[in-house]
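Taking the hints as your guide, dock the two standalone chains into a single complex.
What follows is the residue order along each chain.
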Amino acid sequence: MEMVKVENLAFEYIRRDEEGNVESINRAIDGVNLDVKKGDFIAVLGANGSGKSTLAKHINAILYPTEGTVWVNGLNTSEEQNIWEIRRSAGMVFQNPDNQIVATVVEEDVGFGPENLGVPTDEIWQRVEKSLEAVNMLEHRDKSPNKLSGGQKQRVAIAGIMAMKPECIVLDEPTAMLDPDGRNDVISTIHKLNQQDNITVILITHHMSEVINADKVFVMNKGQVVLQGSPREIFSEVDKLKSYRLDVPQVTELAYELRKAGLDIPKGILYVEELVEALGKIKR
Amino acid sequence: MIRDITIGQYYPADSILHRLDPRLKLNGTLIFIISIFLFNTFYGYIAVTIFLASIIKMSKVPFKFIARGLKAIIVILLFTMTFNLLLTPGDVLLQVGFLKITRQGLHSALFMGIRLTYLILGSSLMTFTTTPNQLTDGLERLLWPLRRIKVPVHEIAMMMSIALRFIPILLEETDKIMKAQMARGADFESGGIIKRAKGLVPLLVPLFVSAFRRANDLAMAMEARCYRGGEGRTKMKPLRYEGRDGLAYIVLLAYLAVVIVISIFEDRLPVIL
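As they're listed, the protein sequences go chains R and W.
Here the working numbering is used: the first residue of the first sequence is 1, the next is one more, and so on.
Here the working numbering is used: the first residue of the second sequence is 1001, the next is one more, and so on.
Here chain W stands alone, though its shape is the one from the complex (with noise of 0.2 Å):
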């Protein structure tokens, strides 16, 4: 069940999207998260829309793959919707007992749904085409300067490139102790909730016994190797911008400016919902 979930992951593909620079799809995405706040009515999807269909175009990424991401949150996106369209005060369109669907409630459920399911989209492109360790690097960059306020961003950064390179070994022992369990007769599928909790605890406490000791020989191995925090470090894979980077940056501030503009005339457009 876990291996379903395609968020985070990265596709490998030859794309002009992965060749650019992780700052550059970090900051793309934020660019791109904050744009679908930003307006109220249907005409900014328009803009959004395009933008997001050619980039998954460009990404070479299957759109069914990406959709799968999508599967993580269906709940959440049900539970936002559904309330939205119950609880949201206004113009009735039809009743049923106790329970109203208003005008408002429809528009803000339609707006929530597809918000989210675009913050979605776009973000795990943005995982899709680049390598966790691109990630780190990037992140470590941007928040680099964040160290003058005391954040230890290498350290950071260092725990969640560890992290990533942790997780399919871990996943695995978790398999191979719950086979081991289930051999001497662990249940882990029957019975309720409170029942199948209890039933993970001889699964977690080796579990992290484990992890522990691992932690513990990765801390040995990574000081043996002379790893003594950021300072004086040099890196094998330096992020440097390239030209088709400064084009990528036009091409977002474009896509900002053309939403921004149709948020500030959208309210003189004609209204469609």
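The shape of chain R in the complex, shown without the other chains (with noise of 0.2 Å):
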């Protein structure tokens, strides 16, 4: 079964004036249809303005459908009654790592959706923990959140969502905001996630490099979804991402320059090594 299904959606954010006059109508996302399945890692690549981050409130029913339809695990986001299941199972991390933390302690804001869910006590103690441990940060728990580096804060977030038992986590630009070494960690972290404990991840970014591992990634392009495939796939249409103000990784884009060239190197290349590899085959 499908973790997420979207079906033609689009959605309208509607200016008004003070009178309540429609002023402008900016449509986000035109048609967009998607699938991801259970346990696949899927990336949503876009530059700003490019409507992904409107598609990702609506995975976890924030936004809700102007046309369209949106499954979360077999569930309509459209209808009320479901949101908390929906909220649940899919859990999301935002960008901004300090404005989605609610409380003064580590442990207490990984423990702050299971009380919103109505976990019995014992049982918070046990996810906070087990959640801490899943994003490495069980050492800072009794620590202020202001006091944890951006990457560590944004793991604590992960956890707060872990701690839901999510079926599924969207991931909203999470290291737009971290210096390299806080991607590194957020990104990893997630990856283990999703191999270990089995978690769709769905990760909305702009960072090339972050998609690589992804299982498939989707482009998208003023509301819509322009190019999907492996990674690979993608990679191998340097142009076209160009077109959509996306940047591909250097090793990419040097492979793509040399073959341009007219040097004989495989298209979609994605590490170092394979550039290295695809070179030596090179007879001079």
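To be clear, the hints were calculated from the coordinates, so they are not data collected in a lab.
Treat the hints with care, since some could be wrong.
[Unchecked claim] Computed footprint of chain W on chain R, listed as stretches where at least three residues anywhere in the stretch have a Cβ under 8 Å from a Cβ of chain W:
id: 1; stretch: 85–91
id: 2; stretch: 95–106
id: 3; stretch: 109–115
id: 4; stretch: 118–131
id: 5; stretch: 195–203
[What the hints assert, rightly or not] Partial chain W-side listing against chain R, Cβ under 7 Å, derived:
id: 6; residue: Pro1132
id: 7; residue: Asp1217
id: 8; residue: Leu1218
id: 9; residue: Met1236
id: 10; residue: Pro1238
Quick reminder that beta carbons are idealized off the backbone N, C-alpha and C, glycines included.
In structure tokens:
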């Protein structure tokens, strides 16, 4: 069964003036179809304003479709009685680590979700411990979130979602405000959760290097899905990606330029080693 | 400068006072505050001083640290004392021009001074020994009955704890904006009060904008984590009274009894001032 199924989704931000007349309509998402299988690691790429964050908010039932339907775990997000179950099963991590931590102590923040779900006290403690361990933050459990680095805060936010025992995590540009170290920590943490706990991951990002290990990549532009496939397939389309204002990883770009210059190098190179190997094969 | 004010801060230490239930500490502070205002002679202060000194000792919070909290109210303190000293009618002790110091004035000035000082010492001792979270939890539980008359108790407690979480973040942000504005020639330090107040506008506007944005983000993040108010919520750290809390309540009531007895019989004792 599909974890997330999006069918002909469209969403409009409507701007009204003071009298309530419609001033302008911005169609942020325009006819998106998307299937995510359980246990998949999905990446959604797109430049600013491509509609990728709007899409993410639909999966967590924070926004409701203007047209079309979104199913999460078989539940329709447009039906009000499903909201809480959807928000539990598809947790969401946001961009700014400071603005999503509620409590003044790490462990209490992780316990916030289970508290809202009405989980008994003893079980909250077990879940908090397990979730903090899963993101490797157990030693910081008594600290104030203000004393943590950006990457650590983001891992606490992920633990806060994990404590609600979700089947799926949606991450909306979780690394945009982090330094490279914090970025690596967060990305490797979500890969670990994907592999060990079989959590479906939907990673929204504009950092190309983060999508290389994804199972499937969707590229969005102007509210539509314009490319989809494996990372290798996506990165073969350097020209197209550039026209969507996206950068490709350095190696891929170098390989692409060399290929364009006439060297015999395969399309869609993702790793440095690959390029080295391909270059080695070329006979002088 | 803001960092010098110690009122409302938490001082981490391992003491009996730190381990007590926050509800007890809130009630205790209330009882203490009432007790300072119960009597009119200095005999009562003997009991109050002994009580305050012993709980300060028990709290393991350095007295210097607690006393720093008084800095914040020193202006109010001096004002009240001066006005009481100079404006109370009665038996004149000293007269300079139109200013008179009376015996009653001296009495009430000293009383006010001591009362205010003890008030601050006592209540800041509560915040020093209680984490902000425990404090809001305690308040929530104590005010719980008010829900009957439609007071949004849970919401108030949640607002308080969120405010506490964001104070350091907003302070840091203020600092950042200030530096950014100074780098572009803003002047926060020179000029009179009006000029300085005007200078704060370019600081406050971005600060407010960012605070609202943060509030919006946080509300979304809380909803995404299934927050829907206090109904059906469980607690990770529920408040439970322990044996030591019962003991502390007995001590508190005994203290209150002593103070009440003093206030009844103080008239029969020789007058000090």
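Hints, verified against the model:
Chain W is given as covering the stretch 85–91 of chain R, and this holds because 3 residues of the stretch bring a CB closer than 8 Å to a CB of that chain, at least three being needed. With 9 residues bearing a CB less than 8 Å from a CB of chain W, the stretch 95–106 of chain R meets the requirement of three and the coverage assertion stands. Note: the stretch 109–115 of chain R has 5 residues with beta-carbon separation from chain W under 8 Å; the three-residue rule is met and the coverage holds. By the rule of at least three residues with a Cβ nearer than 8 Å to a Cβ of chain W, the coverage given for the stretch 118–131 of chain R holds, with 7 such residues.
Look at the stretch 195–203 of chain R against chain W: 0 of its residues bring a Cβ nearer than 8 Å to a Cβ of that chain, fewer than three, so the hint is violated. Checking Pro1132 (chain W) against chain R by beta carbon gives a least distance of about 6 Å; that is within 7 Å, so the hint holds. With 7 Å as the threshold, the beta carbon of Asp1217 (chain W) comes within range of chain R, its nearest partner Cβ sitting at about 4 Å, so the hint holds. For Leu1218 (chain W), the suggested interface contact is upheld, since its CB lies about 5 Å from the closest CB of chain R, less than 7 Å.
Interface hint status for Met1236 (chain W): upheld, as the beta-carbon distance to the closest one in chain R is roughly 4 Å, under 7 Å. Interface restraint check: Pro1238 (chain W) against chain R, minimum CB-CB distance 6 Å, threshold 7 Å, status holds.
Checked against the numbered hints listed earlier, the structure breaks hint 5 alone; every other hint is satisfied.
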